[in-house]
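Participant: In case you want the letters, here they are:
There are 4 protein chains.
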Amino acid sequence: MTRLGPGGEASAVAGSPRWEGHELAYGVDVGGTKILGVAIDAGGEVRSQRRVPTPRQAAGSAARGQRDGPGGQAARSGGSETSGSHPGEAVADAIAALLGELHRDVSGRARDDASVPALASSPIGIGIAGLVETGGVLRFAPNLAGASGADIGALVMSRLCDEAGRNSICAKNDANCTAFAELVLGAARGMRYGIVVTLGTGVGGALIVDGRVETGARGFAGEVGHMVVDPNGPACPCGKRGCWERYASGAGLARLAREAALAGTLHEAVRLAGGNPELVTGEHVTAAAAGGDTEALHVIDELGWWVGLGLANLVALLDPERIVVGGGLGHAGEMLLEPSRSALAALVEGGAARGTVPVVEAALGEQAGAVGAALAARTGAMDPVV
Amino acid sequence: MTRLGPGGEASAVAGSPRWEGHELAYGVDVGGTKILGVAIDAGGEVRSQRRVPTPRQAAGSAARGQRDGPGGQAARSGGSETSGSHPGEAVADAIAALLGELHRDVSGRARDDASVPALASSPIGIGIAGLVETGGVLRFAPNLAGASGADIGALVMSRLCDEAGRNSICAKNDANCTAFAELVLGAARGMRYGIVVTLGTGVGGALIVDGRVETGARGFAGEVGHMVVDPNGPACPCGKRGCWERYASGAGLARLAREAALAGTLHEAVRLAGGNPELVTGEHVTAAAAGGDTEALHVIDELGWWVGLGLANLVALLDPERIVVGGGLGHAGEMLLEPSRSALAALVEGGAARGTVPVVEAALGEQAGAVGAALAARTGAMDPVV
Amino acid sequence: MTRLGPGGEASAVAGSPRWEGHELAYGVDVGGTKILGVAIDAGGEVRSQRRVPTPRQAAGSAARGQRDGPGGQAARSGGSETSGSHPGEAVADAIAALLGELHRDVSGRARDDASVPALASSPIGIGIAGLVETGGVLRFAPNLAGASGADIGALVMSRLCDEAGRNSICAKNDANCTAFAELVLGAARGMRYGIVVTLGTGVGGALIVDGRVETGARGFAGEVGHMVVDPNGPACPCGKRGCWERYASGAGLARLAREAALAGTLHEAVRLAGGNPELVTGEHVTAAAAGGDTEALHVIDELGWWVGLGLANLVALLDPERIVVGGGLGHAGEMLLEPSRSALAALVEGGAARGTVPVVEAALGEQAGAVGAALAARTGAMDPVV
Amino acid sequence: MTRLGPGGEASAVAGSPRWEGHELAYGVDVGGTKILGVAIDAGGEVRSQRRVPTPRQAAGSAARGQRDGPGGQAARSGGSETSGSHPGEAVADAIAALLGELHRDVSGRARDDASVPALASSPIGIGIAGLVETGGVLRFAPNLAGASGADIGALVMSRLCDEAGRNSICAKNDANCTAFAELVLGAARGMRYGIVVTLGTGVGGALIVDGRVETGARGFAGEVGHMVVDPNGPACPCGKRGCWERYASGAGLARLAREAALAGTLHEAVRLAGGNPELVTGEHVTAAAAGGDTEALHVIDELGWWVGLGLANLVALLDPERIVVGGGLGHAGEMLLEPSRSALAALVEGGAARGTVPVVEAALGEQAGAVGAALAARTGAMDPVV
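Chains as they are written, first to last, in our numbering: chain A, 4 to 389; chain B, 4 to 389; chain C, 4 to 389; chain D, 4 to 389.
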């Protein structure tokens, strides 16, 4: 039996002889566009995976009100969100339903479904893209507008059962969950000091200090994407300008791609986009670069320079022994990591005197967040030795 | 009988009683994507209009070799251009054919087609997007790769006839032709000191000094789009970074649009783009703004700020009495001009002490370049009083 | 007899046999810190030179009020200016006194002092650092706070005499005067299309179009120093950010010098400054560079890059046949002009295709403005052939 | 008996009745310009303080070679460093001599000097401005050129004695020592998650994680000053551009001061500088601001904005419960901290949702580094509970 690969959607995993259906844990990763859930067994193997879109009324920009004047854009943009139930409720509904499906999946597949414990008594972890307090309350989530202030874990638990003795669900930051999964099962195994960075549409991150995921005073540590690297740079959904995630992300690649296309280069990517430079996306660039196109590779190099710039900042601050890079841009793999390493070496304080800090690809793919949430729920901490 | 409006493609214009078929002049505007030709009568009325795509082997980025290292991108990008005849030849072929059609149009429509003079003995003007020397040689044209060094006018003339006594064709810069048309027939009439700016995919411009279009020592004056306004800004097809045309153009709008969409704003434009922020184009923003969308209008304001910044530079340098703004972004009209005026007032040296420099919309639309080329061919100069 | 060299303060010039004392013209150059006056003879030779400090109450930043909020800094900074007479009056007093001295100088030295015409019937020109309307009214002068709105020429004339039949004095922009002197007597002789740039504490400029100094619709043309080249750059006395004069000037050199010294380089200049990096001035850098110091030369190269950047903008706009560079930074001479030329070549649109635009040093030194004012008063225009 | 205040130079501290001369520890803080040493008693009281200049051949820019081309500036700048003994030797000589003096001070003042233990058997700590490996080897020190690679602690120990059984000295980073002193005795007492930032000529920093000073995988953590916040910003001695320490430091203040003075503002500071805008230093600005000058306060506000920007980055990364700000710019106190707090609140991701992170002044002044080195030598770790 093999773990589901990244992007694998299949919800069925053939049973193995050793599978007894117990020691299951469930993890859910809540992003701005989709919610991904897994059930893992004692060994961390994914026994089921499910995915649903994030409920519409929860998506949107929480930062809008922050940036607009009174009565300005904030007022008019309110229309895109449904009134009625609190957005956190809609997310909790979706998560609870997803967990139910995962439970049915594994129950149906266990040798003896009676051996599968009830959902409410199994460890359940939730990772959310946003600032999640140590106690589980979501405090800030630009991509889950209006859900701020919600204790998603408690809302989900209240949907799962009425029984006494049920356990509790404590939501965590999604990147911290990803890092925990990599620490337990992936590319960060055995690491005492490290940084895990996820380069997707935005940039997430987590700090590994003294062998565990360090979440700081209130649980908010590791927001590497919102380190400002150019105060005059492009606007960020968080309300600032020039955050690292404006550069070292899918959004950054999209920006670089359009600039290059509009500057009359990127011919192959423009061709893939049907000939219109305005329609070149990051995926066109990645595809062209993968085919060896020099102009597209040049844009990937630029992207890598920005990745390396932020990594250099992180190395100066945290002195990690290794950096693990995951997220959707990880599909670019060595094509992106190689210029990132060069930029890191060139830009880090102390350069050669400091020695090389290896930059490696994450091992667990898009399931990492959900798997890490499940693992953290089981151990009750972000520390693999607990 | 009315002049063909901007964008009107009809090649037939109903004859008027006064139309005698003589005193015709022909003008052609050669851009990176299309060639537009007109025949005008003595009063400047457009009697016919024709349009063809710019021959493919002429299009491309001349700047590429300039920017790339030896053996790098320049080498590989060569493949997209056909070998064989010189690109100037292909353009000349297309222009000559277009002129023939225009001549047939007006001949067929004149009261007495014998009264229509032979093409080769009529004034013919050509405007080209690029640096055109006073003598007519094209010296630099990022959007007409490989045509640099060609005397397009001579090449066209050689295709028109073998007769002795033929006149000559002297190509000029397209924006200078546009300005001349506005000076003779449009929004710049009577102006002694002025600036004409065309905001399209790129930014063109022309200077009016002492009542005529001033073309400088060698004919290259007025390249306002390649005034650098941020040396660390986005790359430009010309090979530099941060040229004004990277900001105050369709390309600039496209860049601002993607940045805003990626920053989680521009909801209406993203909706028009089918929901994918990477696919938001300038046209989606203009459409949303025209519908009153505040987020889209905010992007138009930003665009206007950049327009105003460059205009402020031009006012400081040239002290015009008025500024005429044309080009494709002119469709945005007051929506764009109003924030441009505000930015100009705020940014120009001397501000209120200097007094307001009016910024007005161009009158002649997309035919302006071709009409101006015809007018200049007739007068033999860029001076309306000659 | 020789013309007074740049910086020569001597007010006595030995008489020549041809000197008859007639055809004298007087010119005054009013800057933010000093007023320099000359008397020139028919051949343009300087017969006397005088210099006084600019009256204190006239100096200061007119832009202050423009930049500060209501009741903020503007309110408190008012205290540094004396109340009482209008600042324009103080400047006029100083100019009138200076003219009187110049007249006494040349009268005492003429073969027959009776042959020296009365001051009020001689051509008198005044050049002022600021926006001067064609009619002579000063409209904006950041360095002559409060003198805005004054007709300095009329104020001076009213002090010179009460006689009927007196001529009039029409003030002009100082850089235009400088350019006119260079056009008549200096490095711009015979030029039809050119740019004269003065790199001093700030940056001044003038346009030569069709063989004369072009002053635009209202007399304000040529304000090259306030072309914005980085909207996020350092604040400018004019109230904007990132004007070219923040970079390509003595102020720019001072900024680059301090940055380099604070960055731990510029050792020789720091030594000249007594060891404190904060006290390194532009002059220390120039001195060290003149001695061959590589680190100082590197800073001069940076300065030259910024000079070249702005020149590239001007060339794109105006297509000059030649550029004349004067002003106090001219002392740096080839040391500065050489990197400026390299940057111009690298940054100008069209590069090699366009051909080299020569950049040459001004010929007339610090007297140029006063001499040009005198010449313009004599000819009544900024056109050498009038 | 009182602890020596910040800046107190007196080396004599009146004995108290309880003083027995035992449990002494020695600490030395090695900076680019001075070496400061202290002897502390069991309670952390400073019993003696001494200061000497950093040996000249050790000072200079290690980064120079890194930034220059082959044979360029690096070659010529070599002259300012003496040849002969390794620079680390000179530093060690100076430290050993300083320790001897401190020992004599406390011996002479103890009730019974026999009770003062020999130097070589007392805890001795050394803090150095640079990257110091966990084992004590200095790996990178822009301000102690050439000392890179030296084990300063071992070099010092070898000078102190030949006796067997001597203890060892393990150098540490100076800012980590400062933070440890603040953690044990100062403004960071009881803190579990915090950041200590020292704003001096440059910017140092240390991370407090889980109640101890976290030094990372190799001892290099906490280099907050070399987080890049603008890749196009001013050059840094470390070899990069736009490091935070270029802005939020004495160097940053000096840069802002000159820019403002050159922009025609900062009148009071220019007056203090003798009237020359180029000679305005950070101290002039601080003095003018302390006197209530609005223009100077505006520059301090700008400085505070940059301080806040970097703190916002650190908060996003590390989620501290409190931030302690020390260093020479701490003299500016609330005048600087107040705008820093405002900027932090405005710029930190999550803003109000995250809650306020208090920013407080450090308690221990310029002795903090030396005291912290002594404390760390005594405890053998950067953990107050060890």
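Honestly, the hints are just simulated from the structure, not real lab data.
Keep in mind that the hints are not guaranteed to be accurate.
Okay, derived cross-link-like pairs now, SDA-like style, lysine to any residue, Cα gap no bigger than 20 Å in a straight line [unchecked claim]: (1) Lys37/C with Pro58/D; (2) Lys37/A with Gly103/A; (3) Lys37/B with Glu26/B; (4) Lys37/C with Gly278/D; (5) Lys37/D with Gly277/C; (6) Lys37/A with Ala100/A; (7) Lys37/D with Lys37/C; (8) Lys37/D with Pro58/D; (9) Lys37/B with Gly103/A; (10) Lys37/D with Gly294/C.
Participant: State for each hint whether it applies.
Facilitator: Now for the hints, and whether the structure bears them out:
1. Distance check on the hinted pair: Lys37/C and Pro58/D sit about 46 Å apart at the alpha-carbon level, beyond 20 Å; violated.
2. Taking the CA atoms of Lys37/A and Gly103/A, the gap is about 17 Å. The hint holds against a cut of 20 Å.
3. Between Lys37/B and Glu26/B, the direct Cα distance comes to roughly 27 Å. Violation of the 20 Å bound is thereby established for this hinted pair.
4. Proposed proximity of Lys37/C and Gly278/D is supported: the alpha carbons are some 15 Å apart, at most 20 Å.
5. For the suggested pair Lys37/D and Gly277/C, the alpha carbons sit about 18 Å apart, so the restraint of at most 20 Å is met.
6. Between the alpha carbons of Lys37/A and Ala100/A the distance comes to roughly 14 Å, so the proposed pair stays at or under 20 Å and holds.
7. For the hint pairing Lys37/D with Lys37/C, the CA-to-CA distance comes to about 44 Å; that exceeds 20 Å, so the pair is violated.
8. Taking the CA atoms of Lys37/D and Pro58/D, the gap is about 8 Å. The hint holds against a cut of 20 Å.
9. About 60 Å separates the Cα atoms of Lys37/B and Gly103/A, which puts this hinted pair outside 20 Å; it is violated.
10. Distance restraint check for Lys37/D and Gly294/C: the Cα-Cα separation of roughly 31 Å exceeds the 20 Å cut-off, and the hinted pair is therefore not satisfied.
Checked against the numbered hints listed earlier, the structure breaks hints 1, 3, 7, 9, 10; every other hint is satisfied.
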